[in-house]
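Asker: Based on the hints, put chain R in the right spot on chain L.
Chains L and R, in that order, are what the protein sequence lines are.
Sequential numbering of the first sequence, starting at 20, is according to my numbering.
Sequential numbering of the second sequence, starting at 387, is according to my numbering.
Just so you know, the hints here were simulated from the structure itself, not pulled from any lab data.
Computed from a predicted model, the values in this text were never measured in an experiment.
It is possible that part of the hints are untrue.
Straight-line C-alpha distance at most 25 Å; calculated PhoX-like pairs for lysine-lysine [said to hold, decoys possible]:
(1) K195(L) to K210(L)
(2) K394(R) to K155(L)
(3) K210(L) to K229(L)
(4) K574(R) to K137(L)
(5) K394(R) to K99(L)
(6) K635(R) to K155(L)
(7) K574(R) to K591(R)
(8) K155(L) to K201(L)
(9) K303(L) to K383(L)
(10) K99(L) to K210(L)
The following residues of chain R were derived to be distant from chain L, with all beta-carbon distances above 10 Å [stated by the list, open to error]:
(11) D424
(12) P428
(13) P468
(14) A472
(15) D513
(16) L525
(17) Y569
(18) Q571
(19) I575
(20) S579
(21) F586
(22) I587
(23) M597
(24) V616
Cβ coordinates follow ideal geometry from the N, Cα and C atoms, glycine included.
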Amino acid sequence: MARIVLDDLAHSYRPHPAGPDDFALKRIDTVWEDGGAYALLGPSGCGKTTLLNIISGLLIPSQGRVLYGETDVTRLPPEKRNIAQVFQFPVLYDTMTVRENLAFPLRNRGVSPADTAKRVMEVAEALDLVAVLDAKASGLSADAKQKISLGRGLVRSDVAAILFDEPLTVIDPHLKWQLRRKLKEIHDRFKLTLIYVTHDQVEAMTFADKVVVMFDGEIVQIGTPQELFEYPEHTFVGYFIGSPGMNLLPVTVEGDMAAIGSSRIPLPAALAEKARAAQARGAKLELGVRPMYLGLEDAGSPHGAPARIQLVEDQGDCRIVTVGMGEVTIKARVPEGRAIPTHEARAVFPPEWTRMFADGRLIK
Amino acid sequence: MEKWEDNKAWFLVLPVFLVVAFSAIIPLMTVVNYSVQDIMAPGQGIFVGPEWYREVLHDPRLHEAFLRQLIYSFTVLAIEIPLGIAVALTLPARGWGVSACLVILALPLLIPWNVVGTIWVVFSRPDIGLSGVTINELLGIPYNYTADPMDSWLTVMVMDVWHWTPLVILLCYAGLQAIPEAYYQAAKIDGASRWAVFRFIQLPKMRGVLMIAVLLRFMDSFMIYTEPFVLTGGGPGNSTTFLSQFLTKMAIGQFDLGPAAAFSLIYFLVILLLSYIFYTVITNLGKGVAK
Chain L
20 MARIVLDDLA HSYRPHPAGP DDFALKRIDT VWEDGGAYAL LGPSGCGKTT
70 LLNIISGLLI PSQGRVLYGE TDVTRLPPEK RNIAQVFQFP VLYDTMTVRE
120 NLAFPLRNRG VSPADTAKRV MEVAEALDLV AVLDAKASGL SADAKQKISL
170 GRGLVRSDVA AILFDEPLTV IDPHLKWQLR RKLKEIHDRF KLTLIYVTHD
220 QVEAMTFADK VVVMFDGEIV QIGTPQELFE YPEHTFVGYF IGSPGMNLLP
270 VTVEGDMAAI GSSRIPLPAA LAEKARAAQA RGAKLELGVR PMYLGLEDAG
320 SPHGAPARIQ LVEDQGDCRI VTVGMGEVTI KARVPEGRAI PTHEARAVFP
370 PEWTRMFADG RLIK
Chain R
387 MEKWEDNKAW FLVLPVFLVV AFSAIIPLMT VVNYSVQDIM APGQGIFVGP
437 EWYREVLHDP RLHEAFLRQL IYSFTVLAIE IPLGIAVALT LPARGWGVSA
487 CLVILALPLL IPWNVVGTIW VVFSRPDIGL SGVTINELLG IPYNYTADPM
537 DSWLTVMVMD VWHWTPLVIL LCYAGLQAIP EAYYQAAKID GASRWAVFRF
587 IQLPKMRGVL MIAVLLRFMD SFMIYTEPFV LTGGGPGNST TFLSQFLTKM
637 AIGQFDLGPA AAFSLIYFLV ILLLSYIFYT VITNLGKGVA K
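In isolation and in its complexed conformation, chain L is listed as follows:
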């Protein structure tokens, strides 16, 4: 049905691109499996919307191919591909009722009125829109309008993939989780491939089976939310995912320890060996540890490295402690109820959660 393959894809908005900076999308080579729920996550301007528009056919890429199954659809217009797209703000036909809005794509394709009515009813039931079917679409709330936009995609029985471009941006926060749950229901019921573009990592992590992280026109990592959290392949992923993001310290390796300033942090032997090899090659080394795994102990403790408490922010269920180690500041996430040392402390880096990066890439 809809196994989408992106083959050697790149795109520039300029007619004659000079160098890599002119390309909005650099090199994309991925496969989106049929029936998967993917989140496309990245900061603004990283190329997510460009990639989405290439997949849906609203944009033809400067180079590369898009394949649906075995068919090359790179130049096929969007209405001939079996995809639907939901945009950032609700896109509706204001003069029509909800029923007419949902029926519109089928009428344009010449489906019989009887089949159209049946299909519209089916989709309206799936989206809880039956009550408003005969109301004018323009008078409804934003979340109902987005459901109608989604419905226009679902109503076509040949649709195999739905692409979302930050669809919950205009929805009130307390309605967002309802819509997200509805999207999951739709995914389970209709067995479609869903690609969901967002810059909100909470949305991405809760919605998707697999998250695709993009940065500066390239796909940096594809993995489950767990993999992204525990084994970020790039310092950008470490920094972007998690709130606050991963702590990154520039270090050098001496023996089995990572050295920063006068502090020494123990590393697992295998990791230390690979880090030494990378250092010998001239790579810049960084040590990464997530705030929730960074331990803080009293100044008198024999473990860890000396550190100074700079700031404690209470977030309700936990506290974020900003700690200074020499010239570097790092953050620790301390659960409610645990005591935090004042002024001088020791920062403890658990070896199983300590990661090393060479030139920004994870050392495995």
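Answerer: Showing chain R alone in chain L's frame:
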């Protein structure tokens, strides 16, 4: 007791009030005053009540001028609005072509109105005008806008279309530019035809702008004076004498201030009424559609 302090703000309105009274309200009251009097000489007037109103409303020449005016306004609207929308749809959205097109299209709007009339006088002359000579000599159609009523009507209308369609184009273009790209993208995915895109996306979203265009064009064409006056002077006989020229002839030509005043009030009320009807119809077109 505390309310008295707030009233001081009214004093700030006083200067504006005086200016408006001086320039608008007092002259308007003067017109109302004249409309119920028979003015023999300046300063000598006899109160005659609604007599002028009755006379004016029963004047057959007024009825003719009114009919001519209605036909003119509605025909001109019927040509300019669809033409304006059609041209606006073809204008580019981006690039240097935008400025070039908008500037060229706006040129007719910048010409003083009596100069517009003069341009068309010379242009349409059957002896030396480009259009006049072309129609008479090259196309072989006898054309003389000073002698033939039909020709003078056609010439006045073509002149109005030439002069004022750019206004409709500019307004519609602005309305079209305000439509976000996502609507066109969604329509593509839905498989909508070009006509469906126009009917369900572009036209509804231009409603506000079209209302302004229709109201402006209607009011201006209903009051039109300079251009037809310069071009035909009222036409062969009375054939292109529209309402405003009829009024002027009455007031200044015949110096009959009483009936002229009565007529100008009637004129004002007619424009007000028709504009209100247009406004209500267009506003409710959007609301009533899906019922």
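Asker: I'd like to know which numbered hints this structure contradicts. Please list them from smallest to largest.
Answerer: When the structure is compared with the hints, numbers 2, 5, 6, 17, 18, 19, 20, 21, 22 turn out to be violated.
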